[in-house]
Amino acid sequence: KQEVTQIPAALSVPEGENLVLNCSFTDSAIYNLQWFRQDPGKGLTSLLLIQSSQREQTSGRLNASLDKSSGRSTLYIAASQPGDSATYLCAVEERVNTDKLIFGTGTRLQVFP
Amino acid sequence: DVKVTQSSRYLVKRTGEKVFLECVQDMDHENMFWYRQDPGLGLRLIYFSYDVKMKEKGDIPEGYSVSREKKERFSLILESASTNQTSMYLCASNGGGSNQPQHFGDGTRLSIL
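These protein sequence lines are chains A and B, in that order. Residues in the first sequence are numbered from 1 upward in steps of one, following our numbering. Residues in the second sequence are numbered from 1 upward in steps of one, following our numbering.
One or more of the hints may lead you astray.
[Stated by the list, open to error] A short, non-exhaustive set of chain B residues, derived as facing chain A with CB atoms under 7 Å:
1) Asn31
2) Leu43
3) Ile60
4) Pro61
5) Gly63
6) Tyr64
7) Gly95
8) Asn99
9) Gly105
10) Asp106
[As the list claims (entries may be wrong)] Label-pair restraints from in silico Cβ distances:
11) A:Thr45 <-> B:Asn84: 26 to 34 Å
12) B:Asp51 <-> A:Arg95: 17 to 25 Å
13) B:Pro39 <-> A:Gln54: 47 to 55 Å
14) A:Arg55 <-> B:Arg9: 17 to 25 Å
15) A:Arg55 <-> B:Arg109: 34 to 42 Å
In case anyone wonders, no lab produced these hints; they're calculated from the structure. Computed from a prediction, not measured in an experiment: that's the story for all the values here. Built from N, CA and C at the ideal position, the CB exists for glycine as well.
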């Protein structure tokens, strides 16, 4: 059974730092991997989707990489800002186009001025 | 922009009541999903639907049912609410086709007393 793990559970950094969030999954037969952001008391916002054939995706200050063989993905945030404070979740879509996502429990990020 | 609207942000009900949670999306998406989110457990899929009048069980369907009479609306029903159904409920949708990110509503925080 697929399991998705995110470490650390919480992270606190000063503004301006570059940082890396980690996501690992146990079964490499995934269709895609997605990163989401969740603000307190809100729903999830899609940040990046990496297809199984891709190695990375970029959007602004965010860069996500995928290494299927080792079961790992990283989300790199450049020049962090207080507005980046949120919980970041990764999720994998199992097998071919089922649209079913398996979520990690998230990394809660705080960026302080 | 895709908008997924959940009818209530907060809801308080009593054990044994029949509870309806409503979700509407405005992007003509084929797929709709209901999740619950609990601390330490992350998001878990309850039910999803690929089309009108179609439904599929997710990972934790017990105690729940769903209805999709129109494409834009997906309802989650707690047949006889119990205290262990106190949770944050999140609705999501995405288009048909491969590698489509899911778009989430802001959630309904449901308390069963």
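Out of the numbered hints, which ones does the structure contradict?
3, 4, 5, 6, 7, 13, 14
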